[in-house]
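With chain A's structure known, arrange chain B on it following the hints.
Number of protein chains: 2
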Amino acid sequence: MTRGRDTSRDGFENKVEQFLFTNFKFFWDFVQQFDFLHRWLNKLLINYVVYKLPPRPHPFSTRSPYTSWESLTDRLWTGRHLPPAPEFNQEEKLPSLDDLAVLFKKRDGKTIFSEKSTLLFPYWVQWFTDGFLRVDPENRLKNTSNHEIDLSPVYGLKRSTTEKLRSKQGGKLKSQIINGEEYPPFLYADPKNNIFKEEFEGIYVPLRRVQEEVPAEKKSNFFAMGVERANVQIGYVMLNTLCLREHNRLCDLLAENYPDWDDERLFQTARNILVVTILKIVVEEYVNHITPYHFDVIADPTPFSHESWMRTNWMTVEFSLVYRWHSALPEELIYDGQTIPMESTLWSNDLLYNRGLGALFNEASSQPGCQIGLFNTADFLLPVELASINWGRQTQMASYNDYRENINHPRLTNFDQITGDVEAQRLLKQLYGEVENVEFYVGLYAEDPRKNSVIPLLIERLIAIDAFSVVLTNPLLAPRVFNENTFSPVGWQEIQKTQTLSDLVHRNVPDHHQRYRVTFDRSA
Amino acid sequence: MTRGRDTSRDGFENKVEQFLFTNFKFFWDFVQQFDFLHRWLNKLLINYVVYKLPPRPHPFSTRSPYTSWESLTDRLWTGRHLPPAPEFNQEEKLPSLDDLAVLFKKRDGKTIFSEKSTLLFPYWVQWFTDGFLRVDPENRLKNTSNHEIDLSPVYGLKRSTTEKLRSKQGGKLKSQIINGEEYPPFLYADPKNNIFKEEFEGIYVPLRRVQEEVPAEKKSNFFAMGVERANVQIGYVMLNTLCLREHNRLCDLLAENYPDWDDERLFQTARNILVVTILKIVVEEYVNHITPYHFDVIADPTPFSHESWMRTNWMTVEFSLVYRWHSALPEELIYDGQTIPMESTLWSNDLLYNRGLGALFNEASSQPGCQIGLFNTADFLLPVELASINWGRQTQMASYNDYRENINHPRLTNFDQITGDVEAQRLLKQLYGEVENVEFYVGLYAEDPRKNSVIPLLIERLIAIDAFSVVLTNPLLAPRVFNENTFSPVGWQEIQKTQTLSDLVHRNVPDHHQRYRVTFDRSA
Numbered sequence: 001m002t003r004g005r006d007t008s009r010d011g012f013e014n015k016v017e018q019f020l021f022t023n024f025k026f027f028w029d030f031v032q033q034f035d036f037l038h039r040w041l042n043k044l045l046i047n048y049v050v051y052k053l054p055p056r057p058h059p060f061s062t063r064s065p066y067t068s069w070e071s072l073t074d075r076l077w078t079g080r081h082l083p084p085a086p087e088f089n090q091e092e093k094l095p096s097l098d099d100l101a102v103l104f105k106k107r108d109g110k111t112i113f114s115e116k117s118t119l120l121f122p123y124w125v126q127w128f129t130d131g132f133l134r135v136d137p138e139n140r141l142k143n144t145s146n147h148e149i150d151l152s153p154v155y156g157l158k159r160s161t162t163e164k165l166r167s168k169q170g171g172k173l174k175s176q177i178i179n180g181e182e183y184p185p186f187l188y189a190d191p192k193n194n195i196f197k198e199e200f201e202g203i204y205v206p207l208r209r210v211q212e213e214v215p216a217e218k219k220s221n222f223f224a225m226g227v228e229r230a231n232v233q234i235g236y237v238m239l240n241t242l243c244l245r246e247h248n249r250l251c252d253l254l255a256e257n258y259p260d261w262d263d264e265r266l267f268q269t270a271r272n273i274l275v276v277t278i279l280k281i282v283v284e285e286y287v288n289h290i291t292p293y294h295f296d297v298i299a300d301p302t303p304f305s306h307e308s309w310m311r312t313n314w315m316t317v318e319f320s321l322v323y324r325w326h327s328a329l330p331e332e333l334i335y336d337g338q339t340i341p342m343e344s345t346l347w348s349n350d351l352l353y354n355r356g357l358g359a360l361f362n363e364a365s366s367q368p369g370c371q372i373g374l375f376n377t378a379d380f381l382l383p384v385e386l387a388s389i390n391w392g393r394q395t396q397m398a399s400y401n402d403y404r405e406n407i408n409h410p411r412l413t414n415f416d417q418i419t420g421d422v423e424a425q426r427l428l429k430q431l432y433g434e435v436e437n438v439e440f441y442v443g444l445y446a447e448d449p450r451k452n453s454v455i456p457l458l459i460e461r462l463i464a465i466d467a468f469s470v471v472l473t474n475p476l477l478a479p480r481v482f483n484e485n486t487f488s489p490v491g492w493q494e495i496q497k498t499q500t501l502s503d504l505v506h507r508n509v510p511d512h513h514q515r516y517r518v519t520f521d522r523s524a
Numbered sequence: 001m002t003r004g005r006d007t008s009r010d011g012f013e014n015k016v017e018q019f020l021f022t023n024f025k026f027f028w029d030f031v032q033q034f035d036f037l038h039r040w041l042n043k044l045l046i047n048y049v050v051y052k053l054p055p056r057p058h059p060f061s062t063r064s065p066y067t068s069w070e071s072l073t074d075r076l077w078t079g080r081h082l083p084p085a086p087e088f089n090q091e092e093k094l095p096s097l098d099d100l101a102v103l104f105k106k107r108d109g110k111t112i113f114s115e116k117s118t119l120l121f122p123y124w125v126q127w128f129t130d131g132f133l134r135v136d137p138e139n140r141l142k143n144t145s146n147h148e149i150d151l152s153p154v155y156g157l158k159r160s161t162t163e164k165l166r167s168k169q170g171g172k173l174k175s176q177i178i179n180g181e182e183y184p185p186f187l188y189a190d191p192k193n194n195i196f197k198e199e200f201e202g203i204y205v206p207l208r209r210v211q212e213e214v215p216a217e218k219k220s221n222f223f224a225m226g227v228e229r230a231n232v233q234i235g236y237v238m239l240n241t242l243c244l245r246e247h248n249r250l251c252d253l254l255a256e257n258y259p260d261w262d263d264e265r266l267f268q269t270a271r272n273i274l275v276v277t278i279l280k281i282v283v284e285e286y287v288n289h290i291t292p293y294h295f296d297v298i299a300d301p302t303p304f305s306h307e308s309w310m311r312t313n314w315m316t317v318e319f320s321l322v323y324r325w326h327s328a329l330p331e332e333l334i335y336d337g338q339t340i341p342m343e344s345t346l347w348s349n350d351l352l353y354n355r356g357l358g359a360l361f362n363e364a365s366s367q368p369g370c371q372i373g374l375f376n377t378a379d380f381l382l383p384v385e386l387a388s389i390n391w392g393r394q395t396q397m398a399s400y401n402d403y404r405e406n407i408n409h410p411r412l413t414n415f416d417q418i419t420g421d422v423e424a425q426r427l428l429k430q431l432y433g434e435v436e437n438v439e440f441y442v443g444l445y446a447e448d449p450r451k452n453s454v455i456p457l458l459i460e461r462l463i464a465i466d467a468f469s470v471v472l473t474n475p476l477l478a479p480r481v482f483n484e485n486t487f488s489p490v491g492w493q494e495i496q497k498t499q500t501l502s503d504l505v506h507r508n509v510p511d512h513h514q515r516y517r518v519t520f521d522r523s524a
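Protein chains in written order, with the working numbering: chain A, 1 to 524; chain B, 1 to 524.
Hints are computed from structural coordinates only; laboratory data are not their basis. If you're wondering where the values come from, they're calculated on a predicted model, not measured in any experiment. One thing to keep in mind: the hints can contain errors.
Heads up, the list lumps identical chains together, so a pair's fine if it works in one copy or across two of them.
[To be verified] Only pairs whose alpha carbons sit at most 30 Å apart, straight line, appear in this in silico DSS-like list of lysine-lysine:
no. : residue 1 : residue 2
1   : Lys168    : Lys142
2   : Lys451    : Lys497
3   : Lys142    : Lys164
4   : Lys52     : Lys451
5   : Lys142    : Lys158
6   : Lys93     : Lys451
7   : Lys25     : Lys142
8   : Lys106    : Lys168
9   : Lys497    : Lys168
10  : Lys218    : Lys105
For reference, chain A alone in the conformation it holds in the complex (with noise of 0.2 Å):
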């Protein structure tokens, strides 16, 4: 079903970076073993990479389809790149919602499983993403965002959250003990009649639909968490419980160092340090694992302090339609051995608590993700990339191929040019008619996955220009900021220690010398 696809109109410097990023192992290996050489690349490409569209501030939000005070400076509002398309999204001109569903299915009920990422992948993609990715309910052209990554599924979205988050003792969260192991506490009083403990009212506007919907038994097992979709799913539950664990850890080490600090400074402290150390997985890790490249991008905030992307973080509209990994999600998975259905891990943390940390992370690191495209999502996912779909049409962005010209990519004249599969070729031109006509999400990811790759191309561009201006932006890696002062010399020497997602978890797992895999990568 699969023939090549036409490159003809990749455009000739997309090609020769992404061939000279590929090749050359020997090269990209040789200059990555001198540090300065490695650094002074780090900074150089990091600069192509987000230089590729221009920085903020953007002239347009989604309040107002022309520039105004509030486009500009009221974050309630998301961010955009190019300004609203009311032209190309007349719904009469568009295919309607439920023929695009045909898509998104699987073909033949079969997973496509990724090449590269284990299921730690998707989980971890979820849970960073909900931090900073959030549209409001109430009017989904505004959001709920801090515009940080602040890890708000961790503290809450406001102060008033975190205070009713905290122990107010040592400067820990709160937590409670389940089978030897630390996790946070339980939210519900009443779970039948949706009453939160006291301690916890008003903690967030809780879903509607886990009011209606999720059973009471489930409801009974959620923890007190930062944000209102934080006991989705067990692998978000399963990186906010890490988290939780490392605050309070660091807070144990800070206390005794600086016996002489209140709970007050040991909390802001603890949570500076977790902050910045998992900004760096995020870079170190995390990003490497995605991008198919023999250069390793490194987490060194120190270069930027003169760059004209250094502006203040807006999340965009593109930014979150670009990081819709649906598909990564797959239907079944293996748990203690046992294949089940991901939709029985949703709002069931007692999944975790009966298994424990530690073995949830080696299992999640043992088994694929799903490959990121079409065909390939989950039936129970379906709605949401419709409503992804949607959701573009109600904040007009301009189409698939405005986008691309937008990063001097060259224009798509048919749809063999955008992927190699036939069948989806034939279902977008029914579809669509004209390439013209395809929508930005469509067409995002419509095209063909790449070797070695988590993502398609254009997802890759866009995402790394917002990914990486955001992470570097955060306040607490700025030149006066970032230093020991910040984070005591005790949490400077735990953020240097710091490696990998693998660090983290062996140091919170109350067998020190248990060997858990923790990975992303299916060939680590």
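This is chain B only, laid out in the frame that chain A set:
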């Protein structure tokens, strides 16, 4: 009473700098004839000035004496350049506030008038700074600022306020005609009982002392404007009224040229144009009035996108303290040919609408303001001076000498290095004992006035850093925003056309042919 100041600790670089910029007028005049050279020097000098302190983000705010996620992100707390100095601010080490009044009180009731500035200058200062330097009356460590020059005195601090001020017709602000001139509408329905008109309910939280102390007859003349202090003094109301008229004039102009625009777009675009017009006047008329230099800075935002100071604005305690120019306001003024107490111009809008905007601008530009410094504060403002010193203590400001050192000025060792005024030296010595004990606020204003300069040197140095980095980071001046698309071609023309405050006044008075004097400059 004045003998020569000991200049041995002024610092060599400072001396050279002052010498170069206040001499060689022929050279400066010559280079400014060439647009390219003028712009190049403008960039060079603004950078030179702003880089005297390290750029934002500052590690500290009033949130805590150490760096935390909140101190880095929550702008309800006020920023600060130097960390708090609790040691220095111990009550027993500092003179009592009441004892310090003698430093600010006029000597034998004698006012020192400014050789350079008209009364319009302090009028502008109060109006302009109230838009962004805003201490929160509920918690003086916090602020109510939007941290941008957004003309909040005109448009309000929040969207809900703006909505109440808008007529929702043709983009205009609500207004009324008195004696054939346009003014904001009256605010109160029942001034005796402090009840606003229904349409203005909840527009802002009124000041307690206005509620309790200002008589109902005065309140019946209050205008509905953006902030709780907007009716405070006729100078403030003059500038707000001018902006209202210009906004509504721009709306007419835009509506004429873009007949299909709705109220919303007309409003937003007029606001964009007006904000940038004011920014231009700030840099090109106001800043150049303040400094004694032969070089005229220009409002050219284009060359700074790669500067590391192009970071999110955050008002600092220092910026607020160096900008308290209470002594610039005389005790009396000439109004309609009569000398009247300045106090009688407080909360008294009838003084404005009885005479008209042009006449009052003319009058304020035809009489002097006062010199900024010690021994020159009007009696009714003495409590405000002492409150400022007290606020410096609450925010635990480092010493005057610490701030000198921070900006590479030598620490002073003797009181005669601060000022040549013998009585000031004697009083400072009596109050503080050692120069090292002098508080930031007191030291700032104790420095000798300089020839042809509105402010002493350390104030100028510190204010320039925050001022330029606040003005030039305004999102309306950003690379992809500062263009015809944002302001419309007609609006862009209006911005280019406006050079001075006088231009603004003359197009917003009933008789366009009448010439008024509108200037900060006594010798203009």
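Comparing the hints with the structure gives:
1. Lys168 x Lys142: between (33 Å within a copy, 23 Å between copies)
2. Lys451 x Lys497: Classified as neither; 32 Å inside a copy, 58 Å across copies.
3. Lys142 x Lys164: both (26 Å within a copy, 22 Å between copies)
4. Lys52 x Lys451: within (23 Å within a copy, 51 Å between copies)
5. Lys142 x Lys158: both (17 Å within a copy, 17 Å between copies)
6. Lys93 x Lys451: Classified as neither: same-chain Cα gap 35 Å, cross-chain 71 Å, threshold 30 Å.
7. Lys25 x Lys142: Cα proximity of Lys25 and Lys142: none, with 44 Å in one copy and 54 Å across.
8. Lys106 x Lys168: neither (49 Å within a copy, 52 Å between copies)
9. Lys497 x Lys168: For Lys497 and Lys168, the Cα distance is within 30 Å only inside one copy (28 Å; across copies 59 Å).
10. Lys218 x Lys105: Within. Shortest intra-copy distance 29 Å satisfies the 30 Å Cα cut-off; inter-copy 71 Å does not.
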